[in-house]
Each structure stands twice: as C-alpha cells, then as structure tokens.
Amino acid sequence: MSKQAQHWEKTRNLLFVTLAIWFVFSIGIFFFATEMNASGIKPFGYPLTYWFTCQGSLGIFVILIFWFAGRQEKIDEEFGFTEREDD
Amino acid sequence: MIKGKFIDNLPKVYGIYTGGFLGFIILMAIAEQAGMSAKMIGIFFVAFTVLIYALIGYLSRTLQVDAYYVAGRQVPTVFNGMATAADWMSGASFVAMAGGIYFKGYGYMALLVGWTGGYVLVASLLAPYLRKFGCYTVPDFIGTRYGGNMARLSAVIVLTVASFTYVTAQINATGTIASVALDIPFNIAVYVGLASILMCSMLGGMRAVTWTQVAQYIVLIIAYLIPVFWISNKIGAGFFPHFMLADEVARIAELENQFGLGTIKNSAADLATVPKGLAGITKAHSDVNTTPWKFISLAVCMMAGTASLPHVMMRYFTTPSVKAARRSVGWSLFFIFLLYSSAPMLATLSKLSLMDPNLPTGIIGKSIADVQAIDWYQNWNQANLMFVSDFNGNGTLELNEFFMGGKAVVLATPEVAGLPYVISGLVAAGGMAAAMSTADGLVLAISNALSHDIYYKMINPKAETAKRLIVARVLLVIIGFAGATIAALEIQGILGSVIWAFDFAMSGLFFPLVLGVWWKRANAQGAVAGMLLGLISGSAYLIWVRNGGAGFWGVTQLTFGIVGSLVSLVSMIVVSLITKAPDSATQKMVDEVRVPSGKTVLGKQH
Numbered sequence: 041m042s043k044q045a046q047h048w049e050k051t052r053n054l055l056f057v058t059l060a061i062w063f064v065f066s067i068g069i070f071f072f073a074t075e076m077n078a079s080g081i082k083p084f085g086y087p088l089t090y091w092f093t094c095q096g097s098l099g100i101f102v103i104l105i106f107w108f109a110g111r112q113e114k115i116d117e118e119f120g121f122t123e124r125e126d127d
Numbered sequence: 339m340i341k342g343k344f345i346d347n348l349p350k351v352y353g354i355y356t357g358g359f360l361g362f363i364i365l366m367a368i369a370e371q372a373g374m375s376a377k378m379i380g381i382f383f384v385a386f387t388v389l390i391y392a393l394i395g396y397l398s399r400t401l402q403v404d405a406y407y408v409a410g411r412q413v414p415t416v417f418n419g420m421a422t423a424a425d426w427m428s429g430a431s432f433v434a435m436a437g438g439i440y441f442k443g444y445g446y447m448a449l450l451v452g453w454t455g456g457y458v459l460v461a462s463l464l465a466p467y468l469r470k471f472g473c474y475t476v477p478d479f480i481g482t483r484y485g486g487n488m489a490r491l492s493a494v495i496v497l498t499v500a501s502f503t504y505v506t507a508q509i510n511a512t513g514t515i516a517s518v519a520l521d522i523p524f525n526i527a528v529y530v531g532l533a534s535i536l537m538c539s540m541l542g543g544m545r546a547v548t549w550t551q552v553a554q555y556i557v558l559i560i561a562y563l564i565p566v567f568w569i570s571n572k573i574g575a576g577f578f579p580h581f582m583l584a585d586e587v588a589r590i591a592e593l594e595n596q597f598g599l600g601t602i603k604n605s606a607a608d609l610a611t612v613p614k615g616l617a618g619i620t621k622a623h624s625d626v627n628t629t630p631w632k633f634i635s636l637a638v639c640m641m642a643g644t645a646s647l648p649h650v651m652m653r654y655f656t657t658p659s660v661k662a663a664r665r666s667v668g669w670s671l672f673f674i675f676l677l678y679s680s681a682p683m684l685a686t687l688s689k690l691s692l693m694d695p696n697l698p699t700g701i702i703g704k705s706i707a708d709v710q711a712i713d714w715y716q717n718w719n720q721a722n723l724m725f726v727s728d729f730n731g732n733g734t735l736e737l738n739e740f741f742m743g744g745k746a747v748v749l750a751t752p753e754v755a756g757l758p759y760v761i762s763g764l765v766a767a768g769g770m771a772a773a774m775s776t777a778d779g780l781v782l783a784i785s786n787a788l789s790h791d792i793y794y795k796m797i798n799p800k801a802e803t804a805k806r807l808i809v810a811r812v813l814l815v816i817i818g819f820a821g822a823t824i825a826a827l828e829i830q831g832i833l834g835s836v837i838w839a840f841d842f843a844m845s846g847l848f849f850p851l852v853l854g855v856w857w858k859r860a861n862a863q864g865a866v867a868g869m870l871l872g873l874i875s876g877s878a879y880l881i882w883v884r885n886g887g888a889g890f891w892g893v894t895q896l897t898f899g900i901v902g903s904l905v906s907l908v909s910m911i912v913v914s915l916i917t918k919a920p921d922s923a924t925q926k927m928v929d930e931v932r933v934p935s936g937k938t939v940l941g942k943q944h
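Residue numbers (the working numbering), protein chains in the order written: chain A, 41 to 127; chain B, 339 to 944.
For reference, chain A alone in the conformation it holds in the complex (with noise of 0.2 angstroms):
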C-alpha cells in the first residue's frame, strides 16, 4: 500500500471515530431523553437531559474537535504530511 494510501486510511478510521463520538451526543442520547432526565444523575445538580442541552453536549463538541484536530496532526506528521510553515 502506498504512503498515501495508508495516510488516507488512518485519516478515515479517525473520521469515523470522531463521527461515532458525535453521534452519541447529538443524536444517539436525545433517544433515551426521559429516562435522562429521570435517571436521578445531575451533573452540577442540573436534570440530566436539561443539562445535556445547555452545556453537556456543547462542551463535548469544542473538545472533540480540538482531539480530532490533535490526532490528525499526528498523523500527517507519521506520514510527512505536515505543511512548512512557509506554504
């Protein structure tokens, strides 16, 4: 396999991590919202769903993307893909 080839499958395997992670909190939990927010777990004493909405998964999304970032680099530093700073 080429050098491209395996950079672009690694690039791949992170998207879809990345996109599972997203999944969950945007979609996937909003499934299960009454049980949630009757669950009696309350982050910062908030009801669990309500506070999903208001921080929770928002937070999620600004570290996500800054980890997706991180590894990204990683791996187009693996592959001397890294762009000079003077491109």
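If you are wondering where the hints come from, they were derived from the structure by calculation, not from laboratory data. One thing to keep in mind: the hints can contain errors.
Unchecked claim - Only some residues are given here: those of chain A computed to face chain B with a beta carbon under 10 angstroms:
# : residue
1 : PRO87
2 : THR89
3 : PHE92
4 : GLU113
Said to hold, decoys possible - So the derived label-pair ranges between C-beta atoms look like this:
#  : chain 1 : residue 1 : chain 2 : residue 2 : range
5  : A       : PHE63     : B       : PRO523    : 43 to 51 angstroms
6  : B       : ILE808    : A       : GLU117    : 40 to 48 angstroms
7  : A       : ALA78     : B       : ARG399    : 53 to 61 angstroms
8  : A       : PHE71     : B       : ILE364    : 29 to 37 angstroms
9  : B       : ASP708    : A       : SER79     : 40 to 48 angstroms
10 : A       : GLN44     : B       : ILE495    : 31 to 39 angstroms
11 : B       : PHE524    : A       : ALA78     : 23 to 31 angstroms
12 : B       : ASN525    : A       : PHE72     : 46 to 54 angstroms
13 : A       : GLN44     : B       : GLY615    : 15 to 23 angstroms
14 : B       : GLU592    : A       : GLU75     : 19 to 27 angstroms
15 : B       : ILE495    : A       : TRP107    : 32 to 40 angstroms
16 : A       : LYS114    : B       : GLY700    : 50 to 58 angstroms
The beta-carbon is built from N, C-alpha and C at its ideal position, and this holds for glycine as well.
Starting from the known structure of chain A, arrange chain B on it as the hints suggest.
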C-alpha cells in the same frame, strides 16, 4: 504605539479596542448617573460601535483579489475563530434564542445542539479539505472538483437561495434594533442598517469583514455575558451562573406546579385578546416536552445545514494553513459555546425574576393593578412585548395571564431585574453587532459567488483584477439593496427564515460537498443532479406542507432538509454510477486534496 505589520499586532490592537469599549461603557454609566436620558445612551451605544466598524472597514480597503476574496489567507487561528463566531451568531441567536428557550424549553434546545454539533462535521468532513483546495468560494470548489459550468452554476443557485433567505432576516434584525435605538421608523432604519453593513464590506471584501467581525464578536459577547452574570449575582443565584443555577431550575419547576402550569388553560376567546406575537409560559422549563424524533430531526437538519452554509465555510478559506483551518473550527465553536451556554441561563434567570414571589421583581401572584403600574411593564407593554389581562377576574395576576414577546427575554430582562439603563444600551449594541456581522458574511458570500463564479469564471475569464473587483462591489451593493427591500416588506419572522436557510443549504449542498472529498467516483452529472433535485424536492416539500399538506415521517416545514438531502444523496449516487467515472486528472486532484502538505490545488491567484 503599534509597530510592524498589523497581523503581528492583533492581540495588542484588539486588546486596546476591548479596553476602549469597556471604558466607553463606564463613561456611559457615569453619564447616566449625571442625568443623560435613556434615549441618548441608546443612540450613543449604537452609533459609536457602528462608526468603529465602519472605520475598520475603511482601513481594511484593498485592491488585491486574494485580499478581497480570502483576506490574503493570513488570518490567525484564534482570530478566525472569533470572526466565525460573529459570522455565525446572528440577530436570531442574540435576540431570539434565550426567548425560544424561555417559552419552548427542551423542544427548542434541539437548535442549540444542532448549531454546535454541526461544527464537528465542518471540522472532520470539510473545512481542512476545502482549505487545501485553495478555492475563493464554495461554488469554486464544486466547479473545479466536478468540472463544468453546470456544476458551478447549480452550486451558485443553491448558495443564493439559502443565503438570501438568511440575509433578509438579518437586515430585518438590524433594522429592528436601529429603529428602536435611534428612534426612527422601521422602513428607514432598514436602510440605515444596510448602509452600516455595506460600509464594513464594500471597500475591503473579506479582509474588511474579517476584522470588523472580530470587533463585533467582542462587543456582542460582552453585551451578552455582563447581564447574565450581573443578574445572577444580584438575585443571589451564584457568582458563576453556568454551574450554579441548579437550585433556580428546581425552584422554577416547583413554582410551575404551584401556579398550575398546564392544568389551567386559557379559552380561545381570552387568547384572542392577547396582542399578536406574544406568548405565555405553557411548557415546563426543564422537562422533556417533545418526542425523540422531533428533537433529533431538527438537530440533524441544523447540523447538516451548518456544514453546508457557504458564509461559514468560506471563513476557513482565510487561514494560513490546513492545520490552522482545523484548529480554527475548534476555536469558532469555543467562542460560540460562550454565548450558547449562557442563553439557557439567561432564560432561567429571566423566568425566575418574573415568577418568584420571594424576589422583589416577581409579578405572578401580585395584583393586576400593581403590575400595570410598574414602569418597566408600561415601557415594554408600549413596545408591544408584554401584556397582562385578568382573565378569571380575581384581580390577581396568574401565570396564564402573563404574556411576553420572544425578544423581551434578552431586551427587557436587564430592566426587569433593575439593572441600570446603560446595560440595555449595551445589549442593543450587541444585538446590532450580531445581526450586522452575519449579514456582512452572507452578502459577501452571495456577491463573491456571483462575481467570481458567474462573472469571472463563466462570462469574462479575461477580466483584469481592477474590473473583477469593481464588479464584485457593484454586486455587493445590489444584493444588499435587494435584501433590504425584501426585509422592509416584513414577510416572515426572523427565526423561521433562518431555519429555512439551513434546510435549503442542506438539501442542495451537503452531499455534493461531502462526497466531493470523500467519494472519488462522484462526478459532475451526479453532483448537478444532487444539487438541483435536492433543492427542488426540498422546496416542493416546503411549499406542500405550507399549503396544508400532511407531510410524511413527521417531517415539518422546519425540517424539510431531511427530504431534500435524502433525494440529493440518492440521485447523486445513482446518476454518478450510471455515468462515466471522473477522469484521472480529477481523481488525482482528489488525492491531492486529501494530503495537507504541498501547494493548494488552485493557484494562489486564480
């Protein structure tokens, strides 16, 4: 004071700017104490900030193509994040979002999840690859990746439909705020708003819009956060509201029960006496009040729409590198998060201030005559944003007898909570900044697509730089005036048309953009079919449902993008597979896009 290049001094320049703005707020507060009228304070706030933006727009004027279209591709990561946040957060986010949460609770918060979750798609599926491509506009990517004028033209059509739907709402919002703050009639205020928008973008294109958007973000975030923190501290709810309002949320649920929320219904005859546009509290504050599918379908539409709206995507064409584009998406969402996570807190504080009989501001349970005598009630009643009526004739204000407009949550809460008027002036300036920055991005996205993709790429490829930039500016003014003219007619509400814009963009552009990077076999015929059939089927579904059609799968006029984008996906795959595969040059181009290093696919000047 400032030496060297502007770009190297950004933190210093915007640091001084922020300090200056805070100083201005203090100055206004002193002027208020000295007896300056509320009206003058409002005028000063709006006029002063708009003049600053116009000055930045003038200083950023340019005669270079790549500065005009992509700000010279040298906007640093964090600053591009701020500019994108301002570009993104419209008048609707600023003025209407907290109100939506206040009235509709959980069902509305699908928009919060959707409008943030979409950025994960932007970062992972699109932004870095489009940056590597080196395009000036979104149709520029579609036109080059798929080849042929038909693909380019289809992309321009989808872009124009989606962005134009959106921009009329923004110009409408600038007009509303300008008319209130400057005390002029709405149909004149719309053109005052338009003039301010054009001053920011006409001379410097993307470069000017970038640096004004950063300035506008600073104003809007200060204007949103100060009241939230102030009110929270004032009523003793906690010094950091985001982590400390759990007791208040629980208290609202308790009061909802006590006041009989949901058990006491108003008769249709009573409701007919309530002024149009005002609503009462009918939904529980923190309970799940909608079905999973309703919530999820709306969130999905907003997420896919986020990833397809050209005025957001083109912000990532301005970063210095692919790596910077990726990180910049993270910063954008961080800056958006600061405001979006505060909106539910503002809704909570606003509701509690009005509902809780233990607070001096609480009005539910007081006598109607007392409430009608309160100063702020009279002001906002006059502005047609508040209304009480003694339906059951017991002389006491019940929860179901109090009505408010959606905008009042942001605009009136500072006054209700007893904050000085200077804060209300600040909020007006923030709303103006939010609406202007989004309108600027949208008007520029449309006029750039028309000038670069239609005029330069299709009509006159030999046009010189000077001529291209003149055409771009003339189109900018025309689009602006067209938007303002339609805004002055006041056809739809602000929020409804914003949501439609997302559905239009999702119907036509989402899959053609994503598959352009992630599926090599996608070809021009498939992309054209995807864009046009997606847009047409989405629009047809909207028209059908608007005219009393039953719809299917629970898809409403707010989520018609689901139908449009599915048609787009299927037609794009089918048509691509039954026609010829893209040639080897195109396949090589896609390979190149997938690698961050090396030159952009399109040349630096094209």
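Between the beta carbons of B:ILE495 and A:TRP107, is the distance compatible with 32 to 40 angstroms?
37 angstroms, holds
Between A:ALA78 and B:ARG399, does the C-beta distance stay in 53 to 61 angstroms?
59 angstroms, holds
At the C-beta level, are A:GLN44 and B:GLY615 separated by a distance inside 15 to 23 angstroms?
57 angstroms, violated
Supplied distance hint 29 to 37 angstroms, evaluated on CB atoms of A:PHE71 and B:ILE364
50 angstroms, violated
Lying within 40 to 48 angstroms: is that true of the beta-carbon distance B:ASP708 to A:SER79?
Because 42 angstroms falls inside the window, the suggested range holds.
Given a hint of 43 to 51 angstroms, does the C-beta separation of A:PHE63 and B:PRO523 actually sit inside it?
49 angstroms Cβ-Cβ, so the 43 to 51 angstroms window holds.
For the range 40 to 48 angstroms, tell me whether the beta carbons of B:ILE808 and A:GLU117 fit it or not.
The hinted range 40 to 48 angstroms holds for B:ILE808 and A:GLU117, with Cβ atoms some 44 angstroms apart.
Should the interface hint for A:THR89 be scored as holding, given a Cβ-Cβ cut-off of 10 angstroms against chain B?
For A:THR89, the interface hint holds, since the closest Cβ of chain B sits about 6 angstroms away, which is under 10 angstroms.
Check the following: the C-beta atoms of B:PHE524 and A:ALA78 are separated by a distance inside 23 to 31 angstroms.
Violated - the Cβ-Cβ distance for B:PHE524 and A:ALA78, about 47 angstroms, lies outside 23 to 31 angstroms.
Satisfaction of the hinted span 31 to 39 angstroms by the C-beta atoms belonging to A:GLN44 and B:ILE495:
Since A:GLN44 and B:ILE495 have Cβ atoms about 35 angstroms apart, the given range 31 to 39 angstroms holds.
Taking 50 to 58 angstroms as the hint, is the beta-carbon distance of A:LYS114 and B:GLY700 inside that range?
Holds - the Cβ-Cβ distance for A:LYS114 and B:GLY700, about 55 angstroms, lies within 50 to 58 angstroms.
Within 19 to 27 angstroms or not, the Cβ separation of B:GLU592 and A:GLU75?
For B:GLU592 and A:GLU75 the Cβ distance comes to about 23 angstroms; the hint holds.
The structure shown violates the earlier hints numbered 8, 11 and 13.
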